[in-house]
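So for the sequence shown, the numbering used here puts the first residue at 1; every next one is plus one.
If you're looking for bench data, these hints aren't it; they were derived computationally from the structure. Hints are supplied without guarantee of correctness; some may be wrong.
Unchecked claim - 25 Å max Cα-Cα, derived DSS-like pairs, lysine-lysine: (1) 183 with 245; (2) 155 with 183; (3) 130 with 101; (4) 155 with 273; (5) 42 with 73; (6) 101 with 73; (7) 42 with 183; (8) 245 with 155.
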Amino acid sequence: MAEIVLSNISKRWGSFAGVHDLDLTMADREFLVPLGPSGCGKTATMRMVAELDDPSSGEISIDDRVVNDLEPKDRDAAMVFRSCALYPNMNVYENIRFPLKVRGVNPATHDEWVRRASAMAELDDFLHRKPAELSGGQRQRVVQQVGTPTGTYDKPANAFVASLIGNPAMNLVDGEMAGGSFKAETALIEGLSAPDGPLTLGFRAEDAEVVFEGGQINAPIYTMELLGDATMVSVRIGGSLISVKAGKNYRAEIDDTVSIRISTDHCHLFDAKTGER
Numbered sequence: 001m002a003e004i005v006l007s008n009i010s011k012r013w014g015s016f017a018g019v020h021d022l023d024l025t026m027a028d029r030e031f032l033v034p035l036g037p038s039g040c041g042k043t044a045t046m047r048m049v050a051e052l053d054d055p056s057s058g059e060i061s062i063d064d065r066v067v068n069d070l071e072p073k074d075r076d077a078a079m080v081f082r083s084c085a086l087y088p089n090m091n092v093y094e095n096i097r098f099p100l101k102v103r104g105v106n107p108a109t110h111d112e113w114v115r116r117a118s119a120m121a122e123l124d125d126f127l128h129r130k131p132a133e134l135s136g137g138q139r140q141r142v143v144q145q146v147g148t149p150t151g152t153y154d155k156p157a158n159a160f161v162a163s164l165i166g167n168p169a170m171n172l173v174d175g176e177m178a179g180g181s182f183k184a185e186t187a188l189i190e191g192l193s194a195p196d197g198p199l200t201l202g203f204r205a206e207d208a209e210v211v212f213e214g215g216q217i218n219a220p221i222y223t224m225e226l227l228g229d230a231t232m233v234s235v236r237i238g239g240s241l242i243s244v245k246a247g248k249n250y251r252a253e254i255d256d257t258v259s260i261r262i263s264t265d266h267c268h269l270f271d272a273k274t275g276e277r
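Modelling step: build the complete structure from the supplied sequences, incorporating the hints.
Have a look at this one:
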């Protein structure tokens, strides 16, 4: 990555200034999120960094190099849009390959890169299709669920939807079912109905509680966040980060072992391979 510095950046449309004399430094490897109401200049600023728009005044530097006059392809920066932008005259294979050609990547490696990307997006069977022949999900690889907000929150169709809906998102833990019990490292949850074998268990933060003893999960505290009316406690189980709400007066130290009790009536079970309920 690289340090990005905006110096006295402004963007004007006639007499209207969308961005006015902005000074901002984004350090190497820093994750920065612009936050503000609609029309405050978030998108305008990002578009100028990506060279989709030129600043009316000021300088943009990347790694101590002024890049105002560099083309987007030469900045090594990208902006991802909510809606897809595919070339309608190219099939899926050609759409994936096109950026490699533009960047001058060795043609001998193109096929390997394309097929690696298509495998990750589960598009191997659609490489010959044009964008118009793809569903919306295939164009953007977005899993969708049709339903009311409450219905989607309470009963997500799959693990992907569960990981997106809600704040915090649903906790998801990979483990094994054996004889009606779910096991995953420091977790043992009994009384579940599912076939033996690999399984992904899901539960909401509000459907679990921190207890002194007798919980189904016992793990060291990874993070704590004071929310005002509650304390969000997070622990790790394997590669999963589990969040649970504790009382507002709950106090503990990082790495202290905490016991978590889960309501089995509100557990969600997903296939470990497909993610489907």
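Hint check:
1. 183 with 245: holds (22 Å)
2. 155 with 183: holds (22 Å)
3. 130 with 101: Roughly 19 Å separates the two Cα atoms, so the pair holds.
4. 155 with 273: Judged against 25 Å, a Cα distance of about 19 Å means the pair holds.
5. 42 with 73: Distance ~22 Å between residue 42 and residue 73 Cα, so the pair holds.
6. 101 with 73: The hint holds at about 12 Å.
7. 42 with 183: violated (45 Å)
8. 245 with 155: The given pair, whose Cα atoms are some 20 Å apart, holds under the 25 Å limit.
This entry does not satisfy hint 7, going by the numbered hints stated previously; all others are met.
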